[in-house]
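Assemble the complex: chain A is given as a structure, and chain B must be docked to it using the hints.
Chains A and B are the protein sequences, given in the same order.
In terms of the working numbering, the first sequence has 286 at position 285, counting the first letter as 1, and numbering is strictly consecutive.
In terms of the working numbering, the second sequence has 87 at position 20, counting the first letter as 1, and numbering is strictly consecutive.
It should be emphasised that the hints constitute simulated quantities derived from the structure, not laboratory data.
Note that this is a predicted model, so its numbers are computed, not measured.
Do not take every clue at face value.
Subject to a maximum C-alpha distance of 35 Å in a straight line, what follows is the list of computed DSBU-like cross-link-like pairs (lysine-lysine) [said to hold, decoys possible]:
hint, chain 1, residue 1, chain 2, residue 2
1, A, Lys518, A, Lys547
2, A, Lys606, B, Lys93
3, A, Lys547, B, Lys120
4, B, Lys120, B, Lys93
5, B, Lys93, A, Lys363
6, B, Lys93, A, Lys430
Okay, here's what each chain looks like letter by letter:
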Amino acid sequence: MVQKVVPAIGIDLGTTYSCVAVWEHDHVEIITNDQGNRTTPSYVSFTMEERFVGESAFNNAAMDPINTIYGVKRLIGRCFSDTSVKEDINLWPFSVVADANDRPKVVVNYKGEEKQFFPEEISSMVLMKMKQIAETYLGYTVKDAVVTVPAYFNDSQRRATKDAGVIAGLNVKRIMDEPTAAALAYGFHKIKDYSKPQNVFVFDLGGGTFDVSLVNVCGGHFEVKATAGDTHLGGEDFDNRILNYFVEEFKRKHKKDIKGNARALWRLRSACERAKRSLSTTTITTVQVDCLFDGIDFSSTLSRTRFDELNKDLFTKCIELTKQCFKDAKVDKNEIDIVILVGGSSRIVKVQQLLGVYIGDKKLHRDINQDEAVAYGAAIQAAKLSGQGDELVNNVVLSDVTPLSLGVAVDVGVMRIAVPRNTPVPTTKVDCFSTRFDNQPSVLFEVYEGERLQASSNHLLGKFVISGISPAPRGVPKIDVCFEIDEDGILNVSGTLRGSGETGKLTITNEESWLRKEEIDKMIKEAEKYKAEDEKHLLKVNARRKLDDYAYEMSKTIRKPELLSLISDSERKKIEDRVYEAISWLELNEVPTVEVSKSKLRVLKEICEPLVTKMNSRNQVDVVEL
Amino acid sequence: MEQDHYKTLGLNRSATKEEIKDAFRKSALKFHPDRHAQSSAATRNAAATQFKKASEAYETLSDERKRADYDFRWRNGSGSSNWRSSSSSAGSGNYYYRRE
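Just chain A, same shape as in the assembly (with noise of 0.2 Å):
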């Protein structure tokens, strides 16, 4: 067989859907599901009997709330204590709990049994799911993928989105920044008109994180000028919005408070976000649910201004970065030539018009499909880095940035920068230290990342120590620190002492939410299991099918008024009988082994296949006879 070149694939993991692409047949195709939808909800859910992903999952969750999860991409890469993921705890149907080193885990009842996962494991099966849509169409395995994270993810949530790709079983090539995947996806079209360099806004609100970054792009070079965001702002903060309001107004209405019913939580939440939605077309709308709650009915209305005011300071934190992403570019808000939206939540009225406001109603563009752009963007490189695309996909470079600070605290906890946020990646810095005290015979280095000139308000990376200095005043030995950023935006720190090859390298200690190498091998391995208790489980509902199929056909087949000439009424008793019989136990049993529903499906046919030969003879007589 000949050896097809598997192409490399662009997914675009998000916080709410997912969305995956590919670059084929000189152009990029966006893979559609198993329920014909361009993009999957990233849920995950868990019954007694299976594992769901996906549109299945979504569907689920009206269910068993509790038992589906969603939103890990506001998990992944942080650790449980902090702020912003309690407040997500407290919102979620599921619970999540800490493990020893203070990260988060989802627990969830799966096949009766209480199971934890990490939220690379999460992410890993929704990156699973989309890996397959991919095989399903292109009808053969996939191994490259470019994953996006959001511009403004750090070193911890990147790195995180990587070992969720590793335990999917994916070779991730690049970890792509979503702005800048949608820049490219605008860009590559308008390509060739551009002669002259041109300053492209993307401005980027998705389901649970928000982007924004200044791409100028000349020929082909993509140059990434600045980029700022907020990894917690997106549609799910409207949604919670809308949610505690129409709570209050239940409580006021009813004096009775639905906050602990995660199930009716649940369906009121999914309520007010498709009245989020409705509300980017019309001003006003109305939420109902029925039975909620204790057996009420509720029913309310909600229009666009009560909206914007419930979420008027998200808004306007939006505006802000937009701001602050300009004045780090050092370019003029005039100076923009495009603005382009991305992600639902850039739908929402009020969103463009403050933008349009500030930046010029006519920059923006609404002609790329915001919710596809990412993944589009992201396909096209997965063509350009496994060599599969054509000459104007070869031709576009990638200048990307890196979102944060990054240092080392000196003194007495200062933070002294070494690589200023939106450098270009890769890169190379290196910064020289000293010791502080006399004949001090080691150095502790502790890598930062953030703004904050305090470094303890910044977020600690790792920690590692420079020993067997030779005594020496202070200031006379030098310690060389090296600042190594991949191009997908990944840190690797380490530092030598001048004139000793003595070496040090950032460690990856307890206190850090990353993986250990042996807990992804294991993730693997149980990813790989629960692939194959799906497949399994697949097996028996294909066996349950075929008896299910054969007994209902048969069921037709003794009715038919043809048979009576060719079987007594006894005979055709006794079948019927058993067909009955064969119907009743599929009703019971939902799940039964692939054994059981093959040997009672021939059981089956040996009862009833005198009966089909007999009137296959009958039918083939007929044929003969006209």
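Showing chain B alone in chain A's frame:
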């Protein structure tokens, strides 16, 4: 010690802002590691090094203050090692480490 940023980008010392930008774009298109995704590791690494050099040069030369600073240092030391102790606050001496 310090690289000659002008040489890296193939510019003369009186290059305009546009020329600098253009030169960087050309280097990026040529040396960005992604352009060499299919090449051997050695070629790729060499390209990455070139890209990093170019982007460092661009970072300095595209900022008027940094460029003036750099030009001053260059004139007064011709890129030799003495610039480091004199003007670079990023260098040694200013930041001491606390004892472990």
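Quick rundown of the hints versus the structure:
Proximity of Lys518 of chain A to Lys547 of chain A is assessed by CA-CA distance (about 43 Å); at most 35 Å being required, the pair is judged violated. The suggested pairing of Lys606 of chain A with Lys93 of chain B is violated, with an alpha-carbon distance near 73 Å, which exceeds 35 Å. Between the alpha carbons of Lys547 of chain A and Lys120 of chain B the distance comes to roughly 65 Å, so the proposed pair goes past 35 Å and is violated. The straight-line distance between the Cα atoms of Lys120 of chain B and Lys93 of chain B is roughly 13 Å, inside the 35 Å bound, and the hint therefore holds.
Distance check on the hinted pair: Lys93 of chain B and Lys363 of chain A sit about 32 Å apart at the alpha-carbon level, within 35 Å; holds. With a C-alpha separation of about 22 Å, the suggested pairing of Lys93 of chain B with Lys430 of chain A holds against the 35 Å cut-off.
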